[in-house]
Amino acid sequence: VTKKVRITLLPLNQSFEVKKESALHDVLFNYGVEFPCGGHARCRGCRIRIKEGDLPITDPQKHILNDTEIENGWRLACQGSVLDDITIELDQWKSDVLSDDSDFQFIPLDGLGVAIDLGTTTLAAQLVNRETGEVLAVETAINPQAKFGGDIMTRIDAASRLKKHEEMQQLIRSKLMDMITDLLKSSNEEMMKLKRVIIVGNAVMHNIFCGIDVTPMGYHPFEP
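Under the UniProt record's numbering, the residue at position 10 of the sequence shown is numbered 10, and the numbers go up by one with no gaps.
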């Protein structure tokens with residue numbers, strides 16, 4: 001019988017079991033963790049901190065992390081395998097989702113609306129009463145496409161060269177649907193009252209969401 005170990009992710013407070021000796025890179029990749037250098041231990045983009053348990057240090061990490069960091073439990077997520085139950089905190093998930101509280105004008109309308117900021121890294125959604133302009137609920141999340149890369153160019157590469165466009169489209173559509181469902185549930189509102197959803201984002205995020213080929217956007221001068 002294959003032995004299982006438990007991983008707990010902070011600050012999401014998600015816990016799950018994986019096979020003992022599973023590569024941490026493979027496990028976290030499926031949870032949307034970004035590996036900016038491709039998992040080659042050449043940067044600090046996938047830093048994690050071991051809060052409980054242990055993850056043995058590997059030689060490549062010693063060239064990236066200093067002695068104090070290593071002593072304080074910092075590791076690179078792209079290195080090592082999980083041997084025992086661990087609780088880890090990921091630096092990437094501390095990113096703030098920026099918001100703007102400026103006043104805005106609106107025309108009173110019936111029903112509810114959802115406004116979504118489709119960011120490369122983070123997603124933000126608001127449920128709005130279209131008659132009063134009141135924000136009824138807010139949801140934020142990490143863009144699940146992050147597992148394909150942390151910036152626009154790596155997303156374009158994944159969508160075109162690696163033929164992941166359809167998978168990326170499904171990931172973001174499914175995540176946004178979940179967020180909308182959570183908004184309505186937290187406000188005790190019904191889906192039938194939702195009249196309009198507005199999504200804003202950069203051109204690449206829009207194209208992937210809509211199923212439009214992003215390959216031309218990977219060349220200079222790019223074609224929108």
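Accuracy of the hints is not assured; some may be wrong.
What the hints assert, rightly or not - When the alpha-carbon atoms are kept at most 27 angstroms apart in a straight line, the in silico BS3-like pairs for lysine-lysine are as follows:
id, residue 1, residue 2
1, Lys175, Lys164
2, Lys195, Lys185
3, Lys195, Lys62
4, Lys185, Lys164
5, Lys175, Lys195
Hints were generated in silico from the structure; no laboratory data involved. These numbers were taken from a predicted model, which means no experiment stands behind them.
Query raised in the report: Within a Cα-Cα threshold of 27 angstroms, do Lys185 and Lys164 meet the stated pairing?
Result: violated, 32 angstroms
**Report entry** Restraint status (C-alpha distance of Lys195 to Lys62 at most 27 angstroms)
**Finding:** Not OK: Lys195 and Lys62 at ~54 angstroms, beyond 27 angstroms, violated.
Query - Given hint Lys185 paired with Lys195 - CA-CA distance at most 27 angstroms - result: holds, 16 angstroms
Report task. Starting from Lys175, check that the Cα of Lys195 is at most 27 angstroms away, please. Result -> holds, 19 angstroms
Requested in this report: Take the C-alpha atoms of Lys175 and Lys164, compute the straight-line distance between them, and say whether it is at most 27 angstroms.
Outcome: holds, 17 angstroms
The structure does not agree with the numbered hints 3, 4 stated previously, though it agrees with the rest.
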